[in-house]
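When you get a sec, could you build the whole thing from the sequences and use the hints?
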Amino acid sequence: MSDLTGDEEGSRAAKIALRSQLITARRALTASDRSLAASQLQGHILDFVRREHPSTIAAYVPIGPEPGGADLPSVLAAHARVLLPVLLPDGDLDWAVFSGSLSSGFSGSLSSGPRGLLEPDGPRLGTGAPASADLVLVPALAVDRSGIRMGRGGGSYDRALARLPQRRPPLVLALLHDGELLDSVPAEPHDRAVHGVITPRGGLTLNRAAEWTK
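Take the sequence shown: its position 164, counted from the start at 1, is 161 in the working numbering, and no numbers get skipped.
Think of the hints as simulated: they come from the structure by calculation, not from any bench.
Distance ranges between label pairs, derived from CB positions:
id : residue 1 : residue 2 : range
1  : D118      : R9        : 33 to 43 Å
2  : L84       : S129      : 16 to 26 Å
3  : R48       : R24       : 32 to 42 Å
4  : A14       : G88       : 19 to 29 Å
5  : A28       : R165      : 34 to 44 Å
6  : P162      : R78       : 15 to 25 Å
7  : P162      : A28       : 31 to 41 Å
8  : R9        : L84       : 15 to 25 Å
9  : R78       : P166      : 10 to 20 Å
10 : I20       : E185      : 15 to 25 Å
Glycine residues also receive a C-beta, built at the ideal position from the N, C-alpha and C atoms.
Put into structure tokens, the structure is as follows:
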């Protein structure tokens, strides 16, 4: 018998259905669609980075149809110190500094991890490392107008975001494809909000209630 309430069961079922719909839509994107979206997203991200000058960015390596492009860490590393996640056996995230660059690419800086992920090879900094960042870029399947983020269901980023400082936290932005910023998404108590999103055509959109200041 489930320990979830009726509302929680309904939210879980709605999440599963929406997650499947979004994953299917992403898989339908052509290589040209993905390339154009990655170029547009990187342009918006770099506009923000050049304006705000973050010294440390916690990011990730997009894989498959995930928004951002596989070269996102290299693009960011030209402007800031970049932290990338390492998936731990319990699903939590450790972090390490990305040592690659636009000129060197991924050679010697990333290795294959679980679930098809690419992970940094450097010394591990601990699960709390993103607290030292000025900007945190996270993956998501969808985000709603209040900032509720829906991922793939593993809970790794919910745990990572829960460790960020409550007072003067780093800015947390999710990278999305167009059409994935929704009016609402099903939420559960463990879900963590982000401050805003970046989409290819819409650029940076902060939440109506975003609690972030420079």
